[in-house]
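J.: Top line first, the protein sequences correspond to chains E and D. Just so you know, the first sequence maps onto residues 1 to 80 in the working numbering. Just so you know, the second sequence maps onto residues 1 to 574 in the working numbering.
The set of hints was computed from the structure by calculation and includes no laboratory data. On a predicted model such as this, the values are computed, not experimentally measured, just so you know. By construction, the Cβ of each residue, glycine as well, lies at the ideal position given by its N, Cα and C atoms. There could be a bad hint or two in this list.
[Claimed, not checked] No farther apart than 27 Å at their CA atoms in a straight line, the calculated lysine-lysine pairs in the DSSO-like style are these:
{"#": "1", "chain 1": "D", "residue 1": "Lys449", "chain 2": "E", "residue 2": "Lys35"}
{"#": "2", "chain 1": "D", "residue 1": "Lys172", "chain 2": "D", "residue 2": "Lys273"}
{"#": "3", "chain 1": "E", "residue 1": "Lys35", "chain 2": "D", "residue 2": "Lys572"}
{"#": "4", "chain 1": "D", "residue 1": "Lys449", "chain 2": "E", "residue 2": "Lys20"}
{"#": "5", "chain 1": "D", "residue 1": "Lys449", "chain 2": "D", "residue 2": "Lys553"}
{"#": "6", "chain 1": "D", "residue 1": "Lys273", "chain 2": "D", "residue 2": "Lys553"}
{"#": "7", "chain 1": "D", "residue 1": "Lys96", "chain 2": "E", "residue 2": "Lys35"}
[Said to hold, decoys possible] Restraint ranges, calculated between C-beta atoms of paired labels, are given here:
{"#": "8", "chain 1": "E", "residue 1": "Glu10", "chain 2": "D", "residue 2": "Cys37", "range": "33 to 43 Å"}
{"#": "9", "chain 1": "D", "residue 1": "Glu508", "chain 2": "E", "residue 2": "Ile56", "range": "44 to 54 Å"}
{"#": "10", "chain 1": "E", "residue 1": "His53", "chain 2": "D", "residue 2": "Arg107", "range": "33 to 43 Å"}
{"#": "11", "chain 1": "D", "residue 1": "Arg261", "chain 2": "E", "residue 2": "Thr48", "range": "17 to 27 Å"}
{"#": "12", "chain 1": "D", "residue 1": "Ala16", "chain 2": "E", "residue 2": "His53", "range": "23 to 33 Å"}
{"#": "13", "chain 1": "D", "residue 1": "Ala522", "chain 2": "E", "residue 2": "Thr48", "range": "44 to 54 Å"}
{"#": "14", "chain 1": "E", "residue 1": "Glu57", "chain 2": "D", "residue 2": "Arg261", "range": "49 to 59 Å"}
{"#": "15", "chain 1": "D", "residue 1": "Arg302", "chain 2": "E", "residue 2": "Glu10", "range": "40 to 50 Å"}
{"#": "16", "chain 1": "E", "residue 1": "Thr34", "chain 2": "D", "residue 2": "Ala100", "range": "15 to 25 Å"}
[As the list claims (entries may be wrong)] Listed next, the stretches of chain E that the computed footprint assigns to chain D, with coverage defined by at least 3 CB atoms under 8 Å from CB atoms of chain D:
{"#": "17", "region": "8-17"}
{"#": "18", "region": "28-39"}
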Amino acid sequence: MATLEQTLEEILNLAAGYFKVPRAELSPDDDFFTKLGINSLQALELLTRLEGHFHIELPDYELQGVSDFRTLAERIQSRL
Amino acid sequence: MLDLHSYPSLGAALGAALERWAEETCLIEADRERENCRYTYRQFQQRALLLAAALQERGFAEGSRAAILMSNQSKWLLSAYAFLYCGGVLVPLDYKLSAAEQLALLRHSGARFLVTEYYLWRALRTTPGFAEWKPQAVLVTEAPAGADLGGALRWEECRGHATPDFVPRSRKDWAAIVYSSGTGGRPKGCVLTHDNYLEQCQSLIALYPFSPGVRYLSILPTNHAIDFMVGFIGPFLCGAAVVHLRTLRPEFIRDAFRRYRITYMALVPLVLKNLERGVRERFAALPPLRRWLLERLIGLNRLLTRRRPNLRLSRFLLRDIHQAFGGELRCLFVGGAFTEPETLQFFYDLGIPVANGYGLTEAGTAITLNDLNPFRADTVGKPLPGVELRIVNPDAEGVGEIAVRSRTVMSHYLDEPELTEETIVDGWLMTGDLGRVDAAGHLQLFGRKKNMIVTEGGKNVYPEDIESAFQGIPAKEFCVYAANYLWPRRAPAQAMSGEQLVLVLHPEGAAEVSEAVSRELALRNRRLPDFKRVSGYIVWPADFPRTASLKLKRNILAEQIRSQLDRSEAVKPL
Numbered sequence: 001m002a003t004l005e006q007t008l009e010e011i012l013n014l015a016a017g018y019f020k021v022p023r024a025e026l027s028p029d030d031d032f033f034t035k036l037g038i039n040s041l042q043a044l045e046l047l048t049r050l051e052g053h054f055h056i057e058l059p060d061y062e063l064q065g066v067s068d069f070r071t072l073a074e075r076i077q078s079r080l
Numbered sequence: 001m002l003d004l005h006s007y008p009s010l011g012a013a014l015g016a017a018l019e020r021w022a023e024e025t026c027l028i029e030a031d032r033e034r035e036n037c038r039y040t041y042r043q044f045q046q047r048a049l050l051l052a053a054a055l056q057e058r059g060f061a062e063g064s065r066a067a068i069l070m071s072n073q074s075k076w077l078l079s080a081y082a083f084l085y086c087g088g089v090l091v092p093l094d095y096k097l098s099a100a101e102q103l104a105l106l107r108h109s110g111a112r113f114l115v116t117e118y119y120l121w122r123a124l125r126t127t128p129g130f131a132e133w134k135p136q137a138v139l140v141t142e143a144p145a146g147a148d149l150g151g152a153l154r155w156e157e158c159r160g161h162a163t164p165d166f167v168p169r170s171r172k173d174w175a176a177i178v179y180s181s182g183t184g185g186r187p188k189g190c191v192l193t194h195d196n197y198l199e200q201c202q203s204l205i206a207l208y209p210f211s212p213g214v215r216y217l218s219i220l221p222t223n224h225a226i227d228f229m230v231g232f233i234g235p236f237l238c239g240a241a242v243v244h245l246r247t248l249r250p251e252f253i254r255d256a257f258r259r260y261r262i263t264y265m266a267l268v269p270l271v272l273k274n275l276e277r278g279v280r281e282r283f284a285a286l287p288p289l290r291r292w293l294l295e296r297l298i299g300l301n302r303l304l305t306r307r308r309p310n311l312r313l314s315r316f317l318l319r320d321i322h323q324a325f326g327g328e329l330r331c332l333f334v335g336g337a338f339t340e341p342e343t344l345q346f347f348y349d350l351g352i353p354v355a356n357g358y359g360l361t362e363a364g365t366a367i368t369l370n371d372l373n374p375f376r377a378d379t380v381g382k383p384l385p386g387v388e389l390r391i392v393n394p395d396a397e398g399v400g401e402i403a404v405r406s407r408t409v410m411s412h413y414l415d416e417p418e419l420t421e422e423t424i425v426d427g428w429l430m431t432g433d434l435g436r437v438d439a440a441g442h443l444q445l446f447g448r449k450k451n452m453i454v455t456e457g458g459k460n461v462y463p464e465d466i467e468s469a470f471q472g473i474p475a476k477e478f479c480v481y482a483a484n485y486l487w488p489r490r491a492p493a494q495a496m497s498g499e500q501l502v503l504v505l506h507p508e509g510a511a512e513v514s515e516a517v518s519r520e521l522a523l524r525n526r527r528l529p530d531f532k533r534v535s536g537y538i539v540w541p542a543d544f545p546r547t548a549s550l551k552l553k554r555n556i557l558a559e560q561i562r563s564q565l566d567r568s569e570a571v572k573p574l
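Bound conformation, chain D alone:
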């Protein structure tokens, strides 16, 4: 890989990589069994610079904020490089949010340029409040011929004529504003610098090297911190290749493994579990004798690799399984949410190590990662090089809040000085997660101190963000909590799985919720995306504690609920 210490910015480092590995393949975009495009580093550079020239002709300047709102595809990375080349600040947005949420983040981020897909653009334009957002240029991909783009440009036709100027940036300049959540009242836009990203890349690559010939399959959304790092910056700065798949259907993912002989893939626990289910079903369908033999071979592999992975041996013992994954898979990365140890062990026993990690967007992706030396399913690994980790106010068992200090920690939350002050204290990022460091230096997670949940799909959901969906319901007052925040559970195996949201309702007049109100709640709930739905409600027949300015005292109410109600009895399913 490049020696990143000598580069002042992502744009400069990526530019050097594009020159150095000019003839290597850097990017493949596949859709089902079709291959849409394939670029060498040189071709990638040429195409991105045409876009950069077109952007500069339209007033893109140093510090311009540019949003990318797209599913994983080649144009995501081409656009990102063009923006960085022009000295811009990236704003990667989640294409799975609703159009109203996307618009709110576009406005909050101050983005004046946008690259998006046609179907997302169509939805944005009809969203209330859209007219108040004033972009300088919007580039839309794959728009049908003759479609009304409302003044937006076709991405495919954006090719400038002049040679674009490279705009240098320094390590401390902003590289990206990444939203860790906050589509509701308080958007959390993490401002990450060029230094944050280059430092993170350096330490990750030290553990899991990329090089020419390595192929990374990108299925996590690229706006997600993990894929942005291991599905773009990491491989590109090492001469490796990224394979994008335009569908998440398991059958095509399986096919892509074989067709492109994938080396690495990052995923979230939900997808990993789905993969496990598929493999187990295949095992179950085997004739009894073959299954018996396979189980023995898996047992032997487990025994022989208990100290460290031995890919060559595992590929020999369990050839068919490894061939099904393309034959060259070295490791899967999993993060973004809690992963069950049994699932990690299942894959490890097959000779497919899953490097389990822990991180936050605020810390520039990963804080800890398993180095597989030896493999441990019960922890999230050791701190990455350059990361200092501290357990604040540990209890008798050593469990306390995890705090992190590192050059990868974000600069601040955009336009939220108070929130930044609460989160970064004396240079330490307070994660709000509970953990313990064991004798081997591995971090074990024990639940959450903060009022939030993380879904198996790796999405952070803050209860405050859900409340707007219930505005106007016939109740005196209401609010939403994470059930685990109201009733903390401190057990490593279960504390962070099956997290749920609950609505706390102070009914009007009666102490009970009428059937009509209950129906209304269910209706409102259904309109939310599945991962944001509340699982049940609690009836709280007293006034909520509030400040003089009527702001809800969330922690006081939580304490009252905790001391007076039992979770199993109080929560009524919705």
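Chain E with its partners taken away, still in its complex shape:
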């Protein structure tokens, strides 16, 4: 199984690609709303992409109160 760091790396790559932000500008503790310039609905789009990538189902509530990549990775990791 992938480690948390690997999951985090995949999330950062995917987010950078999907929202067209240079990967080098994103780091694990960044606030993804600010860094990607997205709103809560676009964050749900990201969640859908991540589900497809990791082949898991992530209920909307997993995003509740989460705004940084690292916490998001932890939520995903717990479902892998």
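We have chain E already, so just place chain D on it with the hints.
T.: What follows is chain D alone, placed relative to chain E:
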């Protein structure tokens, strides 16, 4: 629909509706492509009464306050009806608030019963101060097998044995305490009576009728005044059906439109704009000839429906678009925040009218609503039947504070007599919003007099509530304002969009903010939910004006800032 005049309470009216339309579908809960459950009015009644019996066995009595802290789902409505049947007072809480904020409102409301979801309950229990809240019973939904619930009960297992007693309530009794904001120092719990709700329902349904066969898609949080009315009370009292979707992902919303052939949906401007973006992207991806043809058909539809909507014609001309929305969509309702006229016009031209309205929780949901006769994108419609609207101290252009008198206006703010006195003056609710009534009787909004913002997602944010997040920062003093309150803008198209919060900082010693302080501000800001973040800060190198008891004189400081600083130069981004 039922003749609501003959019912003394929401519980009595809902009970009659459950009997009258016993075999009609009232509630469907879907999650992605799955359907979790489906109830007829009779099945709904049977399930809710089992819960009511269990509540009464645990001491639920007349006037008991019961909080519901859940995302949209069937158990929200089942619990609400059970509480109303038992003569309770509902306390709908926002599941998107932080656990600490939820706990503060639970305590403030005096709720002794709570229905909540497992993941929210888990967070509440670990929140500082939780032990001081003493509930009589907590019901938790969808808890995993073997989970430690800390004394709470599993909602699914709460089935009483005896037949529950219906507890009658009168029109003037409290039906709900709804928080319009105030998670910080001053919670604003609007006490709404049974009369408020029944009157509101009567006038809304007169404009937009619900009936058996009508299906309403509920995606706005049910704790929000709009969804509580048009996604529960309204459809239920008319024999219509409510469809809950457990996800807000656009792809599943689109799918639900088609699968359940949705008739109405209410949304906030943020979601409407997202929907517009999706539709525009689809148009842009069409081959040039098809796009050209579509644009002509949209133009023709616009021309032919300029006086009033003609659903049959629009569905014929723009069949593919209407099929994508399920083919039976009559109208979308939008409210809760400012909506750009261009977005409203975009949908109207497609033959999907968006009824734009204006309201406040304090006024029991809606004050004005567009009746589409004809459609106007530049106003928030006319006052609903039974609503008196007055513009206080209008200027030369007729713009002044909007005041409202109606049977839908709340009784008072819970435990806040002074705030109530400031807000309801001689029977008129002072909204704090600025507006003008045009010759056709439509209300146009012009900005805000009060120090607050409303996000595109329909959330009221009061600057005072943000201040606690910055407590202890290395500054002599600070406070938070809505930028539009400091520098009012009176232009209908922009006055109420892009609202921002700014922090006013009186630095220690130097007149400038050090990099360390600026970093600390950014860090604190990031910890706030995105819609509560301040956009920038202002350096104010003088003492804040205060009362003898050291209370900040907000309006005086605002005047000083307004007269001495220019917004574009003074606000430094954070």
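J.: Are the hints correct? Go through all of them and say.
T.: For each hint, the structure was consulted:
no., hint, in the structure
1, Lys449/D to Lys35/E, "violated, 33 Å"
2, Lys172/D to Lys273/D, "violated, 39 Å"
3, Lys35/E to Lys572/D, "holds, 18 Å"
4, Lys449/D to Lys20/E, "violated, 40 Å"
5, Lys449/D to Lys553/D, "holds, 16 Å"
6, Lys273/D to Lys553/D, "violated, 38 Å"
7, Lys96/D to Lys35/E, "holds, 22 Å"
8, Glu10/E to Cys37/D: 33 to 43 Å, "holds, 36 Å"
9, Glu508/D to Ile56/E: 44 to 54 Å, "holds, 49 Å"
10, His53/E to Arg107/D: 33 to 43 Å, "holds, 42 Å"
11, Arg261/D to Thr48/E: 17 to 27 Å, "holds, 24 Å"
12, Ala16/D to His53/E: 23 to 33 Å, "violated, 51 Å"
13, Ala522/D to Thr48/E: 44 to 54 Å, "violated, 30 Å"
14, Glu57/E to Arg261/D: 49 to 59 Å, "violated, 26 Å"
15, Arg302/D to Glu10/E: 40 to 50 Å, "holds, 47 Å"
16, Thr34/E to Ala100/D: 15 to 25 Å, "holds, 22 Å"
17, 8-17, "violated (count 0)"
18, 28-39, "holds (count 4)"
Comparing the model with each earlier hint shows violations of hints 1, 2, 4, 6, 12, 13, 14 and 17; every other hint is respected.
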